[in-house]
Amino acid sequence: SGFSGLDDDFYEELEEILIMSDMGIDTTMNIIENLKKKVKEEKIKDPEACRQLLIDSIKEQMRLDSDAYEYQNRKSVVLVIGVNGVGKTTSVGKLAAILKGQGKKVLLAAADTFRAGAIEQLKEWANRAGVDIISQSEGADPAAVVYDAVAAAKARDVDILLCDTAGRLHNKKNLMNELSKINRIIQKEYSEAYLETLIVLDGTTGQNALAQAKQFKEATDISGIILTKLDGTAKGGIAIAIQSELGIPVKYIGIGEQIDDLQEFDSDMFVNALFERGDE
Amino acid sequence: MAFESLSEKLQNVFKNLRSKGRLTEADVKAAMKEVKRALLEADVNFKVVKSFIKTVQERAVGQDVLNGLNPGQMVIKIVKEEMEALMGSTMTEIALRPGNEITIIMMAGLQGAGKTTTCAKLAGQYKKKGKRPLLVACDVYRPAAIKQLQVNGEKVGVPVFTMGDKQNPVDIAKAGVEHAQKNGNNIVILDTAGRLHIDEDMMGELVAIKQNVDVYQTVLVVDAMTGQDAVNVAKEFNDKVAIDGIIVTKLDGDTRGGAALSIRAVTGKPILYVGMGEKLEDLQQFYPDRMTSRILGM
Ligand SMILES: Nc1nc2c(ncn2[C@@H]2O[C@H](COP(=O)(O)OP(=O)(O)OP(=O)(O)O)[C@@H](O)[C@H]2O)c(=O)[nH]1
Ligand SMILES: Nc1nc2c(ncn2[C@@H]2O[C@H](COP(=O)(O)OP(=O)(O)OP(=O)(O)O)[C@@H](O)[C@H]2O)c(=O)[nH]1
Ligand SMILES: [K+]
Ligand SMILES: [Mg+2]
Ligand SMILES: [Mg+2]
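Protein chains in written order, with our numbering: chain X, 568 to 847; chain V, -11 to 286.
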């Protein structure tokens, strides 16, 4: 193939890797254009060096700031949001266990009062993590649950209040308004607390995750992503598109259904997995 | 949003094609590039897209097309026909056994796809049609999965058979079917736990259920928002467990739903229903042509 290893086939292979990771066609094309520019500037000839350049630049882009987990050092509220079935409740349970393990006093708020069995599910997680939970009954006003939970957090001198919320599709106006209301209550009733808002994205999701992040960002101040279900074969490349377009970093990844299957995000590991050559 | 500008682009490409008296191979290639983008934006699998574009291109640059009357119209027609070939063109229902024979339906799929909710939705529909469905709680892993099925069963007025979470799902399925036989239920819907397609033990559990009870329909439940990985998932479920059809959930969102097309393409199995909301009446029949338009953004 030609006089240079950096031919169309080479770039097409990269394109395939990126698109198959769910990064999306726009972000993929941008990344490849930038790469081509750099290759020209730096007069790179070797495909392996070019590939490495790409890998390094994505790693750099996805790297977390040193204050990414600052909420752990303060009195804080962690609001966990996202569309249906992505892993919010499970992630709240796992996070509770991590924070409790750090010696923090943790409280859960069962603000999903809609889905059948959601409260019982979170109660089981509270049990497993060994933390307290504030809940009402199915059908109660979720904002009222949060209101109660904030009061309890203050009264009990809790370090971190974790709020589970109902799954909601970002195109449902009334449900997004309900979320804004919850957000406002936390800000108003507990203004001294540090508010960390984590959107949970299912790692198997395609391009729609970008729309999810955009819409949820309108309703709340998202400060990070929990990217779940990376124990499957999906790569979660849409998180790169989201970081590029919206500047929201991935802070945690979910890698299973057990209580210790939540990890802090490691940019190097994530990007390496993206470029791992499969069996095919 | 990117999607909107894309479908606009696509409309323009088609408009251009239509207005042209003559088409060159380059015209067709340019149009196909936009179609490719549209499909990838919609999460249609990369490999499915590649072979789709190749097929359309080959047909479109065929002599009789470019030299014929209205070549643009012809190219658009080819795109639609090939989409239809992938998506299927007729509505398919879940097959039921005749008369009062018991039909066992097993739901399977990845975690959080919507199985438990869909079980209850289906049960509710069958009940309305005069059938006597029974829901069986075979998810012993997820916290409160049984409770979720019980609450939903109650909402649609369908009994739920459970044995708690300390028994083996295979034994629960067997006992559930016996219960149905004794109580005159003619449809048994098995709610199973979410599982990864690469989890050998958990996939083996589904196979074991099928070996022990006479499952008539195995339905793969897939989240419409799934990306490129949908084909791996569907292929593995189909190869390991053998599926009869697919239910695509969460189409009440704004996803293009290319996963539906990819899965149909790699398994050849029909899409049976679509989930259109969290409420238990939000299950609808599937119309392939509507899905085609949605995926192309038109
Ligand atoms: N394999 C895998 N499964 C996960 C992971 N995180 C969550 N799950 C599973 O995904 C399913 C949905 O998780 P939930 O925590 O109920 O999701 P949710 O977002 O709270 O769902 P809703 O409240 O219904 O919107 C459950 O079966 C979880 O066990 C993960 O990282 N890997
Ligand atoms: N918007 C919308 N939500 C849905 C639809 N179908 C299911 N859901 C929601 O998706 C979430 C997950 O649904 P479940 O029925 O618990 O999914 P599951 O596949 O049984 O999950 P696991 O048992 O944990 O694997 C819940 O919040 C449901 O309410 C749908 O068609 N539209
Ligand atoms: K999902
Ligand atoms: Mg939940
Ligand atoms: Mg379930």
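Keep in mind that the hints were calculated from the coordinates and are not lab data. Be careful, since some hints might not be right.
For lysine-lysine, the following DSSO-like pairs were computed, each having C-alpha atoms within a straight-line distance of at most 30 Å [unchecked claim]:
| id | chain 1 | residue 1 | chain 2 | residue 2 |
| --- | --- | --- | --- | --- |
| 1 | X | K605 | V | K17 |
| 2 | V | K35 | X | K626 |
| 3 | X | K626 | X | K739 |
| 4 | V | K(-3) | X | K739 |
These are the hints, each one checked on the structure:
1. This hinted pair checks out: X/K605 and V/K17 have alpha carbons roughly 29 Å apart, not beyond 30 Å.
2. Pair hint V/K35 plus X/K626 holds up; C-alpha atoms about 26 Å apart against a cutoff of 30 Å.
3. Using a Cα cut-off of 30 Å, the hinted pair X/K626 and X/K739 is violated, with the two alpha carbons roughly 34 Å apart.
4. Proximity of V/K(-3) to X/K739 is assessed by CA-CA distance (about 27 Å); at most 30 Å being required, the pair is judged to hold.
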